[in-house]
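Asker: Below, each chain spelled out in residue letters.
There are 2 protein chains.
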Amino acid sequence: MADELITPRTLKGFRDFLPEAMLAREHLIDTAKAVYRSYGFSPIDTPALEYTEILLGKGGAETDKQLYRFEDAGGRDVALRFDLTVPLARFMAQHVGKTGTPFKRYHVGSVWRGENTQRGRYREFLQCDFDTIGTASLLADVETALVIHDLFRALGFERFTIHVSNRKVLSGLLEQLGLLAQSSAVMRAIDKLAKIGRQGLAAELERACGASGAEAAEILRFVTLRGDNRDVVTSLADLVTGSETGRQGVAELNELLDGVEAAGIDMGRIRIDVSIARGLDYYTGTVYETFLDDLRDIGSCCSGGRYDDLASVYTKQRLPGVGASLGVDRLLAAIQELGLVESRTGTADVLVTLFDADGTHRAVELAAELRDGGVSTELYPETRKLSAQLRYADRRGHRLAIIVGPAEVEAGTAQIKDLASGHSVEVPRAEVTARCRTLLAG
Amino acid sequence: MADELITPRTLKGFRDFLPEAMLAREHLIDTAKAVYRSYGFSPIDTPALEYTEILLGKGGAETDKQLYRFEDAGGRDVALRFDLTVPLARFMAQHVGKTGTPFKRYHVGSVWRGENTQRGRYREFLQCDFDTIGTASLLADVETALVIHDLFRALGFERFTIHVSNRKVLSGLLEQLGLLAQSSAVMRAIDKLAKIGRQGLAAELERACGASGAEAAEILRFVTLRGDNRDVVTSLADLVTGSETGRQGVAELNELLDGVEAAGIDMGRIRIDVSIARGLDYYTGTVYETFLDDLRDIGSCCSGGRYDDLASVYTKQRLPGVGASLGVDRLLAAIQELGLVESRTGTADVLVTLFDADGTHRAVELAAELRDGGVSTELYPETRKLSAQLRYADRRGHRLAIIVGPAEVEAGTAQIKDLASGHSVEVPRAEVTARCRTLLAG
Chain A
1 MADELITPRT LKGFRDFLPE AMLAREHLID TAKAVYRSYG FSPIDTPALE YTEILLGKGG
61 AETDKQLYRF EDAGGRDVAL RFDLTVPLAR FMAQHVGKTG TPFKRYHVGS VWRGENTQRG
121 RYREFLQCDF DTIGTASLLA DVETALVIHD LFRALGFERF TIHVSNRKVL SGLLEQLGLL
181 AQSSAVMRAI DKLAKIGRQG LAAELERACG ASGAEAAEIL RFVTLRGDNR DVVTSLADLV
241 TGSETGRQGV AELNELLDGV EAAGIDMGRI RIDVSIARGL DYYTGTVYET FLDDLRDIGS
301 CCSGGRYDDL ASVYTKQRLP GVGASLGVDR LLAAIQELGL VESRTGTADV LVTLFDADGT
361 HRAVELAAEL RDGGVSTELY PETRKLSAQL RYADRRGHRL AIIVGPAEVE AGTAQIKDLA
421 SGHSVEVPRA EVTARCRTLL AG
Chain B
1 MADELITPRT LKGFRDFLPE AMLAREHLID TAKAVYRSYG FSPIDTPALE YTEILLGKGG
61 AETDKQLYRF EDAGGRDVAL RFDLTVPLAR FMAQHVGKTG TPFKRYHVGS VWRGENTQRG
121 RYREFLQCDF DTIGTASLLA DVETALVIHD LFRALGFERF TIHVSNRKVL SGLLEQLGLL
181 AQSSAVMRAI DKLAKIGRQG LAAELERACG ASGAEAAEIL RFVTLRGDNR DVVTSLADLV
241 TGSETGRQGV AELNELLDGV EAAGIDMGRI RIDVSIARGL DYYTGTVYET FLDDLRDIGS
301 CCSGGRYDDL ASVYTKQRLP GVGASLGVDR LLAAIQELGL VESRTGTADV LVTLFDADGT
361 HRAVELAAEL RDGGVSTELY PETRKLSAQL RYADRRGHRL AIIVGPAEVE AGTAQIKDLA
421 SGHSVEVPRA EVTARCRTLL AG
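Chains A and B supply the protein sequences, listed in that same order.
1 is the number of the first residue of the first sequence in the working numbering; add one for each residue after it.
1 is the number of the first residue of the second sequence in the working numbering; add one for each residue after it.
It cannot be assumed that every hint is accurate.
Put simply, identical chains are the same to the list, so a pair is met inside one copy or across any two.
BS3-like, lysine-lysine: derived pairs with alpha carbons at most 30 Å apart [unchecked claim]:
{"hint": "1", "residue 1": "Lys12", "residue 2": "Lys195"}
{"hint": "2", "residue 1": "Lys316", "residue 2": "Lys98"}
{"hint": "3", "residue 1": "Lys12", "residue 2": "Lys192"}
{"hint": "4", "residue 1": "Lys385", "residue 2": "Lys417"}
{"hint": "5", "residue 1": "Lys417", "residue 2": "Lys98"}
{"hint": "6", "residue 1": "Lys417", "residue 2": "Lys12"}
{"hint": "7", "residue 1": "Lys385", "residue 2": "Lys192"}
No wet-lab data here; the hints were simulated from the structure.
Bear in mind that the values here come from a model prediction, so they are computed numbers and not experimental data.
Isolated chain A (complex conformation) (with noise of 0.2 Å):
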């Protein structure tokens, strides 16, 4: 058999998670799912596979999309879901008359792209979004722009801004300017900026959305407009007072302010921020980006905002509503980067070593004893030698071992060994579990 082996291998752009990285990204996802439930979002799920005219909707730009689509053994055309937000769409008008509304639900799953893998990008991966639906009002994107704050917090950042911009300013603006028609190209354009700068922007405004070169730099000084969020919502306010929806979009700005405040976060924290465009069309209000102010480079690692109509496709049931997604790997890639968690291979405290086979029922007994008490216990399985199963316990980030030899079978006692000290004590044997747990706490 062994010349017809099968060489072992994984897809381009599909990935094994080794324990190192798992531990790390079930920490990430755990945290973002206390938070979540900590403001009442509930989860849901949804299949990988839906019916292709569902994933793709009306539009059906399929390339876009980069679908993993095929006919399945009852000649269905299906696909794999390339998001979470077309699936609850339509999650949402299939159960809408089960779940109620407002409706705030968590959604935690793989997606998966046929992306060209040479950009870093990867064909499956994980999306955790959160959204309030069906309501329009405002306190559901205050609470938005709360649950990314907590979220970065508990995570253990300290440094990061959440730009926040309102669609209808933009579109007021470019109301104005006679410009609505464009505005899809525009944001496009704007959403660039961070990489082709102020000249290429205003070029490219007038390259490929037609604007003049007075409305471009107009756009412009609109779009780069800083300073106290206060002060850019005033300014922002004189340059579309002659659209009443830019008017709208600077009072939801100023009421989103005003809640936010009214939690008392840290308002550095928040910045208003015209030229998170977010390019697709889909959003109507609200928009939301987040950067590490240490890593602004690897982009947003939390976006999202409000849309009016989420699943116009399948219902006639107008649902609004608001939400954001995460961006998993570059947040696994910051929190690894900054050192924000210890990195182990293993998830449990304590090794109890093995001296030789009289010793094992002693061994499992000891370890069920830890356990019971609250402390996670891994029993090393053979009598190979202490330091072979010493170097295993380094290897997978046990803080504790535990050595019962004769000497100690024969004293009535344990030996406890700090692993990352080196330091050793020797303990009765009834006092084990209180001494490791006293040692781990400490």
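The hints should help you fit chain B onto chain A, whose structure is shown.
Answerer: This is chain B only, laid out in the frame that chain A set:
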């Protein structure tokens, strides 16, 4: 557009999970992870999509696996994984140099099979496996039984039985009867015992396995041995004395009982039962099935076993191991049937109601304060009638609602309403968080 609506629907055999079902599933998975981690198992993940060659191995019995198989945009022959064991084998062959051995992993993930849905089967379902790879030590078999035990206890089950057998014992008997070549057919027949009964099994052994009447009777006597575990093992020993393999299986069963006993668990929950054949060629030693005593009909809720060589299709390195897989859907049905968890659709304990627009910022502030105090708190986003807000709280399962109307603002107080009893208390505004904590703890 309204006349062109796409009907929202899922594929046959695929499911949406609404919050109530999803909260139950998250509770199950979180509990399983906590138990796995308490024994030092670490998480891994692998892609949903693999090369078909990898998933089918050398066998290529594709029809058995009911693969979702297709050609991707790059012309690769790919398929969705149908279990987590084949990906584990591929993973270990690829990464054992990095993980080292023994390697204890858990893996939670969806798998896909084009099953006949008329049998009540799903085409997408969650698996939740744990395995110890790279050791032949029976201590890992002992620990597998202990993990199953602790997990069922942690889920709230009191009455369950872990049925344990050892493939070597059955092989020993078949060796003595000269039926070793028929062992696959015999195991498949034995697996049907509960369904077809003793007479049915005897007939099947003669018809499908070429056993004589006397041989069938001997096998039947063997697999239906009942009584005290040690007595059963002694009886088995008598039946396989002529086979080295059989004697080794008996010794392993005794060693397993010794080990589990040393951990101090209720031995009434362990039953030596040779009718547990686990008809997969794969297993070579200990095998496990776990039944809920009050719901035996739903079948085994956690099954697994020991294998000599996990990844021989992909590597020459011999990787023995042992592990088990939860029956996630069965356990969820059982938890609901036995009423082991309170059914909820929401995640927050407190609903802060909104009396009027003037109270918005007070409400945001109060909700933030409650969350800071560790109380999960949802803020109703609209100023609808109080009765509508309280109906929302009932539906979502909040335990307390907070009401601050003009009278309370005037008095500097808030009303806290216990939604189960309907009883309200008015407390000073400054004491709301502390009082909610007390009420929720009580």
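Asker: Each hint should be assessed against the structure and marked as holding or not.
Answerer: Now for the hints, and whether the structure bears them out:
1. Lys12 - Lys195: Result: close within a single copy only, 28 Å intra versus 45 Å inter.
2. Lys316 - Lys98: Answer is within: at 17 Å inside a copy they meet the 30 Å cutoff, but 54 Å across does not.
3. Lys12 - Lys192: Classified as within: same-chain Cα gap 28 Å, cross-chain 43 Å, threshold 30 Å.
4. Lys385 - Lys417: Classified as within: same-chain Cα gap 16 Å, cross-chain 63 Å, threshold 30 Å.
5. Lys417 - Lys98: Between copies only: 26 Å across, 56 Å inside.
6. Lys417 - Lys12: Classified as neither: same-chain Cα gap 44 Å, cross-chain 56 Å, threshold 30 Å.
7. Lys385 - Lys192: neither (60 Å within a copy, 46 Å between copies)
When the structure is compared with the earlier hints, violations turn up for hints 6 and 7 and for no others.
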